[in-house]
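K.L.:
Kindly generate the complete structure, drawing on both the sequences and the hints.
Chains A and B are the protein sequences, given in the same order. Residue numbers are given in the working numbering: position 216 of the first sequence equals residue 216, and the series is strictly consecutive. Residue numbers are given in the working numbering: position 62 of the second sequence equals residue 62, and the series is strictly consecutive.
Keep in mind that the hints were calculated from the coordinates and are not lab data. No experiment lies behind these values; they were computed from the predicted model shown. Check before you lean on any hint, since a few could be wrong.
[Unchecked claim] Below, in silico cross-link-like pairs of lysine-lysine (BS3-like), each with a Cα-Cα straight-line distance of 27 Å or less:
| id | chain 1 | residue 1 | chain 2 | residue 2 |
| --- | --- | --- | --- | --- |
| 1 | B | K153 | A | K5 |
| 2 | B | K49 | A | K5 |
| 3 | B | K87 | A | K5 |
| 4 | B | K49 | B | K87 |
| 5 | A | K236 | A | K264 |
[Stated by the list, open to error] Partial chain B-side listing against chain A, Cβ under 7 Å, derived:
| id | residue |
| --- | --- |
| 6 | G14 |
| 7 | F55 |
| 8 | Y60 |
| 9 | I63 |
| 10 | F69 |
| 11 | A73 |
| 12 | L74 |
| 13 | Y81 |
In this text, a Cβ means the ideal position worked out from N, Cα and C, and glycines have one as well.
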Amino acid sequence: MSREKDAANYAVVFFAAISVLLLLFPVSKIAHTVRIAASYSLYPSLHYGARYTHYIRNVPDNFVKLLETDQDNRLLKEKVKALEVRLQGASALEAENARLAEEMRLSRALPWTGAWARVINKTPADWYGSVFIDRGADDGIQVNDTVIGMEGGRAGLAGRIFEVYPEFSKVLLLTNSAASAVCSFAPDGLEALVEGKGTWMLKLNYVPEEARLEEGVEVLTSPGGLLFPAGVLVGKVKKIYQRESFMNFITADIVPAVNVNTLKEVFVIRRNLPAELLGARQAEKK
Amino acid sequence: MSIILEIALYLFIGAGYWWWAQNLAIFGLVPNLVFSSALCAAILAGPVKGIAWGFFLGLYADILGSSMFGANALTYTIMAYAVYIVKRQFDLDSLFSQLVAALSLSWTCMLFYQGLGIIFSRPASLDLRVFLAEPFLNALAVPVLFQIFYRLKRKFDVL
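P.N.:
The structure is reproduced here in structure tokens:
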């Protein structure tokens, strides 16, 4: 301990003496030499500081910029998400626009007058039964007006107006088990009754057994049926069932011309039907 | 090996103090890292090495200044010796004692430096803001630097 203390005493005397000498003779050669030697300790700060001054001096600024970049990054990510959502909406609108443009083009070629309507509601419990459209009595829609849809560039029978409200209407789809339409098919133009089955498929009923009915044949609305204008495509024959022993006619499955699952817009044909074919309330109005 | 590391540490302290003073000064105030390092070295190192650290760090402070070359070297040398004396009586490893030592020695060193100015030069005006605030900044810096030095001493046997 004493040795350590002695060393400490010698050290403090030594270094203190040098310091005092430096203080006493600031302009002497030895002071100048020490100053130059000591100045090398500044070398790293000044040399590398000057060389990397941009990086070293701007550390606080860069840190702030890093934080700001992080915040910007978060904002941009949120914007990207929002834009992706809008993009999806835009693509849906674009598809709808293309579809509507096609329907407009087709509607000019349609021989009927009427109005376009948008399907605004489908009830899951009555999926193949009915839909609501955004046109009603205020738009001149009447009960039993024919409703057609567009599929593959052609108009097909979708159903008829079942209930009319001021601003919307209910459409009874042809696939409804309570719906039917008198139809005819090539080549002889024989008439038969197309009925809904409550599924996506239709049933062609009361076809005479001697009729030449083939699969793939188109079934059109017949002039004999008053509810629907003649010549509207109803569907195509998918499968023919032979006559049962207790019946004297054959039946067939019909694939509807309009797919209810993809129905988004419909064209309501104004029929101006005779009052006796309209519902009681509509007839009263007339 | 340790001497190289000590030189590197010495240069790093100088560079760190220079950078802090350049870029992180608040109202012109920065903790005197050179003084704080000298104090930490005096606490951790043996007497001779502690005094040598005080002398050379003081020289660095003198190089940074423009008057009384050797005044800081003398001040820190004597401070290191005083710490060597005091640490035999008090435990300077604890946080509180480091705070007290940093505060009291900062003011003592400033006054001593002013006294040297009276003797060897002309009385310099004492910046009251620095005189009042810097010791507290030093008191905050010393425990941090002490932990760094302590870990360096344990890991690389410097000081």
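K.L.:
Now tell me, hint by hint, if it's right for this structure.
P.N.:
Comparing the hints with the structure gives:
1. B/K153 to A/K5: With a Cα-Cα distance of about 22 Å, the restraint between B/K153 and A/K5 holds, given a limit of 27 Å.
2. B/K49 to A/K5: Given that 27 Å is the threshold and the Cα spacing comes to 13 Å, the pair holds.
3. B/K87 to A/K5: holds (13 Å)
4. B/K49 to B/K87: holds (15 Å)
5. A/K236 to A/K264: Roughly 21 Å separates the two Cα atoms, so the pair holds.
6. G14: holds (5 Å)
7. F55: holds (4 Å)
8. Y60: holds (5 Å)
9. I63: Since the shortest Cβ distance to chain A is 5 Å, the answer is holds.
10. F69: Holds, because the Cβ-Cβ distance from B/F69 to chain A comes to roughly 6 Å (cut-off 7 Å).
11. A73: holds (4 Å)
12. L74: holds (3 Å)
13. Y81: Status holds, d = 4 Å.
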